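K.L.:
One-letter residues, chain by chain:
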Amino acid sequence: MSTIIEARSLTYTYGVGTPFEHTALDNVSFRIEEGEFVGIIGHTGSGKSTLVQMLNGLVTPSSGEVYFRDKNIHDKDYKLRDMRFKVGLVFQYPEYQLFEETVYRDIAFGPKNMGLSESEIDDRVREAARFTGIREEQLEKSPFELSGGQKRRVAIAGVLAMRPEVLILDEPTSGLDPRGRERILELIKSYHRERGTTVLFVTHSMEDIARTVERLIVLNESKLVLDDIPENVFLKADFLDSIGLDVPQITKVFMLLSEKYGINIPTSVYTVKYAKKIVDELMAKGEIK
Amino acid sequence: MNSFISADSIKFEYKNIEGQTQLALDGLNIKIDKGEFVAVLGHNGSGKSTFAKHMNAILVPTEGKLTVKGMDTADDDLLYDIRQCVGMVFQNPDNQLVATVVEEDVAFAPENLGVPREEIRKRVDDALEAVGMTKYKLHATYKLSGGQKQRVAIGGIIAMRPECIVLDEPTAMLDPVGRKEVMKSIRMLNRDLGITIVLITHHMNEAAEADRVIVMSKGKVIMDAPPKEVFWRTEELYDAGLSVPQPVELLLLMRKDGAEIEEGVLTVEECAEALAKIIKSARK
Numbered sequence: 000m001s002t003i004i005e006a007r008s009l010t011y012t013y014g015v016g017t018p019f020e021h022t023a024l025d026n027v028s029f030r031i032e033e034g035e036f037v038g039i040i041g042h043t044g045s046g047k048s049t050l051v052q053m054l055n056g057l058v059t060p061s062s063g064e065v066y067f068r069d070k071n072i073h074d075k076d077y078k079l080r081d082m083r084f085k086v087g088l089v090f091q092y093p094e095y096q097l098f099e100e101t102v103y104r105d106i107a108f109g110p111k112n113m114g115l116s117e118s119e120i121d122d123r124v125r126e127a128a129r130f131t132g133i134r135e136e137q138l139e140k141s142p143f144e145l146s147g148g149q150k151r152r153v154a155i156a157g158v159l160a161m162r163p164e165v166l167i168l169d170e171p172t173s174g175l176d177p178r179g180r181e182r183i184l185e186l187i188k189s190y191h192r193e194r195g196t197t198v199l200f201v202t203h204s205m206e207d208i209a210r211t212v213e214r215l216i217v218l219n220e221s222k223l224v225l226d227d228i229p230e231n232v233f234l235k236a237d238f239l240d241s242i243g244l245d246v247p248q249i250t251k252v253f254m255l256l257s258e259k260y261g262i263n264i265p266t267s268v269y270t271v272k273y274a275k276k277i278v279d280e281l282m283a284k285g286e287i288k
Numbered sequence: 000m001n002s003f004i005s006a007d008s009i010k011f012e013y014k015n016i017e018g019q020t021q022l023a024l025d026g027l028n029i030k031i032d033k034g035e036f037v038a039v040l041g042h043n044g045s046g047k048s049t050f051a052k053h054m055n056a057i058l059v060p061t062e063g064k065l066t067v068k069g070m071d072t073a074d075d076d077l078l079y080d081i082r083q084c085v086g087m088v089f090q091n092p093d094n095q096l097v098a099t100v101v102e103e104d105v106a107f108a109p110e111n112l113g114v115p116r117e118e119i120r121k122r123v124d125d126a127l128e129a130v131g132m133t134k135y136k137l138h139a140t141y142k143l144s145g146g147q148k149q150r151v152a153i154g155g156i157i158a159m160r161p162e163c164i165v166l167d168e169p170t171a172m173l174d175p176v177g178r179k180e181v182m183k184s185i186r187m188l189n190r191d192l193g194i195t196i197v198l199i200t201h202h203m204n205e206a207a208e209a210d211r212v213i214v215m216s217k218g219k220v221i222m223d224a225p226p227k228e229v230f231w232r233t234e235e236l237y238d239a240g241l242s243v244p245q246p247v248e249l250l251l252l253m254r255k256d257g258a259e260i261e262e263g264v265l266t267v268e269e270c271a272e273a274l275a276k277i278i279k280s281a282r283k
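First to last, the protein sequences are chains A and B. FYI, numbering that gives the first Met the number 0 numbers position 276 of the first sequence as 275, with every residue one higher than the one before it. FYI, numbering that gives the first Met the number 0 numbers position 147 of the second sequence as 146, with every residue one higher than the one before it.
Check before you lean on any hint, since a few could be wrong.
As a list, the in silico EDC-like pairs of lysine to aspartate or glutamate whose alpha-carbon atoms are at most 20 Å apart [as the list claims (entries may be wrong)]:
1) Lys276/B x Glu258/A
2) Lys276/B x Asp256/B
3) Lys275/A x Glu272/B
4) Lys272/A x Glu234/B
5) Lys179/B x Asp240/A
6) Lys179/B x Glu162/B
7) Lys259/A x Glu268/B
8) Lys68/B x Asp80/B
9) Lys279/B x Asp279/A
10) Lys142/B x Glu20/A
11) Lys142/B x Glu220/A
12) Lys276/A x Glu272/B
13) Lys279/B x Glu280/A
14) Lys284/A x Asp256/B
To give an idea of the interface, some chain B residues facing chain A are shown, with a C-beta separation under 10 Å as derived from the structure [said to hold, decoys possible]:
15) Gly41
16) Asp174
17) Pro175
18) Gly240
19) Pro244
20) Leu249
21) Asp256
22) Glu259
23) Ile277
Ranges between beta-carbon positions, derived for each pair [stated by the list, open to error]:
24) Arg104/A x Thr99/B: 36 to 46 Å
25) Gly132/A x Lys14/B: 24 to 34 Å
26) Pro265/A x Ser8/B: 48 to 58 Å
27) Gly132/A x Lys10/B: 28 to 38 Å
28) Glu17/B x Ser116/A: 28 to 38 Å
29) Asn1/B x Thr17/A: 50 to 60 Å
Since the hints were derived computationally from the structure, they do not count as laboratory data. In this text, all values refer to a predicted model and were calculated from it rather than measured experimentally. Where is the CB? At the ideal position from N, CA and C, for every residue including glycine.
Work out the full structure, taking the sequences as your base and the hints as a guide.
P.N.:
Written as structure tokens, this is what we have:
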């Protein structure tokens, strides 16, 4: 595996010299390997959105550097525009950014700007539509006729159509109902599986992220506080709770079983399936030490 | 007896962009009594927001009748009385604040109602106290967090002294801390001030805190029962595009395997207790 993105000591301070001076990001470093599926969690104001905007060069760090494929993206002769086609960013509430007359044209906007041929654009639009579950006949509709969940999928398709090497999604499930959330999660998972694209998934929903990612980066008060596989992160459920994150209910159940009922049980449980497996194992043993 | 809010076979039709007639509410019957805390669940497009907007006459039924304290929402002359009685809080905190200073925002409604100056002062102070925002009364509204903004919006409604507050997904755009703050305020308003609460939400654990849960699908009520009952009717919930709280999901899986589990377990604490019992009995 090779490193695709590297954050080196990223710091961002805004309003320097004014009473509103605030450090939004404080000395954050990590490497993302090609093909990884990483979750970034943190409460509102922890710096997650600032961080992801830095990763595709929309926000320039006050100090520190971002490397994309071992090249410093802040170098004078670095082609930032080309890099933005490779690091696709889906913003929060992306449905508000739809603007074209038809769904097709909206999805085609990115590839068109890349200077691709008409037939290549057409291929990509249809592929992105397929991934996001947008039907053929919807392509000629106005995006404003669609439901909220559909609009969001069109907005995501617009980024997928650029075939980015890294896909970054900033809170892609917020404001959706459970079925809508499930659909977005599924489509991101299957996209990652089929294309092997590196995915960074920003959220504050621990239940969503627990089932989805291979690695979690946790931000708190502008600093990176944890960077580990989900199992190890959820072992620190007390800590997560203390920094304002929503620990999955099932994790809380297992914490109680261990603390209140004195049952020797791992508390790194975060999905119902895994919880069932652990309980089954306990029952099978018949005896718990 | 007349209920506080009574929706009697209401239908609501609208034309979509292509000019086709759509039915957002399809013969809805709901009665809500004074002092209740009711949660309304349903997937996007189930009609729950349309119903919410009927309760303070932003929308009026195409067919059927909705009354608030016996007042027909279709009667234009009663509009002010209805809206003073039922306040509404929406999803996006940024769209609801009108003033630049917290206490001025909360004073907006009573000012418009022509409440005397001294009385406004008292109402604003009381309202800020109720939502725990007293120490921010002179702060700029735009600098507050999402949860704080939402609490100011709720404060602005309370200052109107409504008997009922309808909240349409008030926590959808908030993080866990903001959600907790807002839910705490809502519970307090219901329990301590006796305000009737209708909470439209997507979060199953928020609905679990209500006295009663109404589940909507395709413009109709498909379930109307206490949370302990509703959340165990999992097939119906899945069919309605909703999910089930994780503790219930786990216990149901265990029951399928033959474990003895009583229905109605809902909270994390109850689930842990039930599991501890099973595990300990297996140990013997």
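K.L.:
Hint by hint, say whether it matches the structure.
P.N.:
Each hint tested on the structure:
1. Lys276/B x Glu258/A: holds, 15 Å
2. Lys276/B x Asp256/B: Holds - the C-alpha atoms of Asp256/B and Lys276/B are around 16 Å apart, at most 20 Å.
3. Lys275/A x Glu272/B: OK: Lys275/A and Glu272/B at ~16 Å, within 20 Å.
4. Lys272/A x Glu234/B: This hinted pair holds, its Cα atoms lying about 18 Å apart.
5. Lys179/B x Asp240/A: Distance of about 12 Å is within 20 Å: holds.
6. Lys179/B x Glu162/B: violated, 23 Å
7. Lys259/A x Glu268/B: holds, 10 Å
8. Lys68/B x Asp80/B: With Cα atoms ~10 Å apart, Lys68/B and Asp80/B stay inside 20 Å; holds.
9. Lys279/B x Asp279/A: holds, 13 Å
10. Lys142/B x Glu20/A: The given pair, whose Cα atoms are some 13 Å apart, holds under the 20 Å limit.
11. Lys142/B x Glu220/A: The hint holds at about 17 Å.
12. Lys276/A x Glu272/B: With Cα atoms ~18 Å apart, Lys276/A and Glu272/B stay inside 20 Å; holds.
13. Lys279/B x Glu280/A: holds, 14 Å
14. Lys284/A x Asp256/B: holds, 16 Å
15. Gly41: Cβ of Gly41/B sits 8 Å from chain A, so the hint holds.
16. Asp174: Since chain A brings a Cβ to about 4 Å from Asp174/B, closer than 10 Å, the hint holds.
17. Pro175: Hint on Pro175/B: holds, closest Cβ of chain A at ~4 Å, below 10 Å.
18. Gly240: holds, 4 Å
19. Pro244: Status holds, d = 6 Å.
20. Leu249: Constraint on Leu249/B satisfied, holds at 5 Å.
21. Asp256: holds, 8 Å
22. Glu259: Violated. Min distance 13 Å.
23. Ile277: Since the shortest Cβ distance to chain A is 8 Å, the answer is holds.
24. Arg104/A x Thr99/B: 36 to 46 Å: holds, 40 Å
25. Gly132/A x Lys14/B: 24 to 34 Å: Cβ of Gly132/A to Cβ of Lys14/B: about 26 Å, so the range 24 to 34 Å holds.
26. Pro265/A x Ser8/B: 48 to 58 Å: With Cβ atoms ~53 Å apart, the hint holds.
27. Gly132/A x Lys10/B: 28 to 38 Å: With a Cβ separation near 31 Å, Gly132/A and Lys10/B satisfy 28 to 38 Å, so the hint holds.
28. Glu17/B x Ser116/A: 28 to 38 Å: holds, 33 Å
29. Asn1/B x Thr17/A: 50 to 60 Å: Taking Cβ atoms as reference, Asn1/B and Thr17/A lie about 58 Å apart, which means the hint holds.
Hint violations for this structure: numbers 6, 22, all remaining hints satisfied.
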